[in-house]
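Novice: As a plain string of letters, each chain reads:
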Amino acid sequence: MSSSLQDTASMMVEIAQRMGATEATAWSSEGTWTDVKQRDGAIEKWQDSQSKSGSIAIFVDDRYSVHSTNDLRREALEPFLQRAIDATRHLEPDQHRTLPSPEEMGCAATGNTDLVDAAAGEMDHRTWVDSMQRATTGAIDRNLRSAEGFVWSGSSSSIMVTSNGFVGHHATTEFGQGAEVSMEDTDGRLPEAYDYSVARHFEDLEPIESVAAKVARRGLGSLGSGPLKSNRGPMLVENRIASRIIGTLVGPMSGSSIYEQRSCLSDKLGEQVAAEHFNLIDDPHLVRGMGSRAYDGDGRPTSPRTLVENGRLTQWLLGVYYARKLEREPTTAGTSNLVVPASGRSVKQILSDLDWCIHVDGFLGGNSNPATGRYSFGIRGTLYENGEAVAPVSEMNISGSIFDLMGGYLEAANDPWRNGSCRSPSLLFDAVQFSGQ
Amino acid sequence: MSIKQPAGAPGNYFASLGVSSEVIRSVLAAALSRGGDNCDLYFEHSSSTSVLLTDGKVNQASTHVSLGMGVRVRSGDQVGYAYSEDLGPAALQAAARTAAGIAQSAAPQTVPNPAPVSLPNHYPVVQPWDDVSIAARVDMVRQWEQAAFARDERVKRVEVSLSDAAKVVMIVRPDGRLVEDWRPMTRASVRCTVEGKGANGEVVRESNGYNIAGRAGLEYFDEQRQERLVATAVDRTLFLLDATSPSPGEMPVVLAAGPSAILLHEAIGHGMEADFNRKRISIYADKMDALIANEEVTIVDDGTLLGARGSINVDDEGNHTERTVLVENGVLRSYMHDELSANHYGLKPTGSGRRQSFRHAPMPRMRSTVMEPGPHDPGAIIESVDKGIYCVSFSNGAVHIGGGDFSFYMKTGFLIENGKLGAPIKDVNIIGNGPEALARIDMVGNDLVVDEGGWTCGKDGQSVPVSQGMPTVRVSSLVVGGEQ
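Respectively, the protein sequence lines represent chains P and C. Numbered as in the working numbering, the first sequence ends at 435 without a single skipped number. Numbered as in the working numbering, the second sequence ends at 556 without a single skipped number.
Hints are computed from structural coordinates only; laboratory data are not their basis. Where a beta carbon is used, it is the ideal one built from N, C-alpha and C, also for glycine.
Stretch by stretch, here's where chain C covers chain P in the computed footprint (C-beta under 8 Å, at least three residues):
id: 1; region: 36 to 43
id: 2; region: 47 to 58
id: 3; region: 87 to 97
id: 4; region: 382 to 394
Distance ranges between label pairs, derived from CB positions:
id: 5; chain 1: C; residue 1: A452; chain 2: P; residue 2: G186; range: 30 to 36 Å
id: 6; chain 1: P; residue 1: D265; chain 2: C; residue 2: Q218; range: 24 to 30 Å
id: 7; chain 1: C; residue 1: A179; chain 2: P; residue 2: S344; range: 54 to 60 Å
Residues on chain P that point at chain C, a partial pick, calculated with CB under 10 Å:
id: 8; residue: S63
id: 9; residue: L70
id: 10; residue: D84
id: 11; residue: S144
id: 12; residue: E178
id: 13; residue: M181
id: 14; residue: S223
id: 15; residue: G364
id: 16; residue: S399
id: 17; residue: F432
Take these sequences, add in the hints, and give me the full structure.
Specialist: Dropping the structure here:
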């Protein structure tokens, strides 16, 4: 499989150089997926996907362009790349646009993070999705309008080749199962709730019954929700959506926003950006991690790095291009697995110590301003008083500055999220502005 | 590098890539080989080109090409879907047999020869992009950059992009219908970073921008539109320097004409897509012919607006598109249907079946969602509010279809105090419940504007281009974010 991928990528580089490119980087990838959904006892949609694509970054005398196509026949690639190179010649030169040198590339990427499970091609999706949906329906004894189970499995593989000798291979498999329910509320609303589990290896999936039980609990917990009065106070953000908060902090670390001066972190290197006990690590080498990778977008070998240490911002996310422009050492182009270290206390213990707290389990829309760090998000969740759930919450917003939010960070629970590339536990913040009635 | 508008009869474009009538018939036969009720083949060849100016240089270009066919087989309400990126007969038939697996019998069906159906043209192009050189595009983005710097000395950084895309789609059905549509698109974006003095004399930086899009050629960029693109981008960024956060809470919200139609899209539009209603999981399920809004409120979803980003000459199932009246004088009149939901309800499809690409199955989607004008003068609407906010521009929105809670993010606006516009405000999320918000629209202005912004709608992992439009509207109460 990977030898034909490598042939494609090498062919793209070879054609581009023959047609006048000074340097080139090519990526070729392919993937096979099956997604199945079943609603209330009947298959709703069954999709089988097989795709391939190629893309190439072309450097022509300090000029730069990127191109992609899924028509990888040589007779189609030649005119495609010829037009690409002709177009590139009309651009303006940028001395920073060259391939990383062997020194900048560092040593060859190695390491096995066990991202492939051979079972990917052997799944019985019909039985699997039926079990998922029926377990969910069976877990809810009232107010259920409709339940949909969904399962997917697939594998993908990609090769990166540069004209100065780098060859990287990245292959993964993925399995997922989950369900979404629509509940019947007494006022005619049909609130929905979902949960899922995803993993690189099938054996790491959370059991179907456990996922179904979570969907049921969320569905029943969503009934009768509404906004509370506006208030300021503690917020516990559930682990599966903590990535929204972490992302608001990490987005402005990117090289492009630093360089273009639209980042609230451009003058914060080495400064306090969060409470002193907050730490954030980018770990590309987590075994079976959803974001694990041996090399980054520049082809540079990856390594674990601390982005925020004891509340201080220690580095930006600089690929080779923006590192050169900012005259700094490159760190890494983009993140892999973001990790917030877990603590010893459970969500239940944390909630029971608080007079009141809004446990946020979903965001609805909202946005943030990377230039200023201001954010404003819609939320759903539950009001807790002394550890007891007292009211389901919806149609409220939270707003403020990411620096105030992170400055008010109190603690992380003991439940790191494993179903994605942001491995954060549930996070507790103080003095958050809620707006409602 | 864009795909030119095909000159020949419908079907010739893909025939020249090897997809003859005989191949089509063999693929349709394979799709129905397991006894499916119906099927569609969707062939697509798409291309796009963009140039980007950043840091004072037009130093990046990109192009993209994609080619393939998606095949959907239906058996009752069940859907099997597969696609092929290889247009050879064997690969196409293999994809069709995979999709056919959703059906479980083996009744062979005969398929007629495909016959072309002629279409209207809602996006005639005067100056096609394939005639516009990269050098000419470089000049355009360079001029916009210089105009942005010239507009205000506080402008420190400018990023500009110009892109165009075109796709040829061919849809073939087992009843013999063959349609072919050429779909152009252009989009331009100007983004600025500005630097000014804050309230305490400190240096404040802000970043914002403006983007516009339509189904058109180079003629889209007349002098007036180019000026508006740059001026709006710069002014909306400078606006942020003096703007603050409103106080949080529930209050009357006046929505300015144009992009405010994001409220229609989120609060109402998605809930009226018929797939959610067929499954009875939309908050608007079982509300047909009910009074759901003030009688000033009429909402249409229109695929036929001239040159609009959301327009289509035919939908992605091969059905005629139209102007669909969703709400007429407050009464729910129609959902947006694809064929699956139309069959379910025993109705004609509304031409709303759309998809992102050949890799995706179609579903009911919005096109251009527009609220018709009402009786009120926009100034009088603002004057009617004692204390509230006036929203001017937006970045994004979201909705829960069943719970009905929706939100949209206001980028720029003003406080309203005693019937007058007050201090500038920015960056707040606004949240409400769809049917409640619809019922709370109590004044509709006479100043309809169809927004020119490059909006993209996401649903179930698929993105499609859409447009939206609205007159000035008052919503008596929504929950506004912000900080005390």
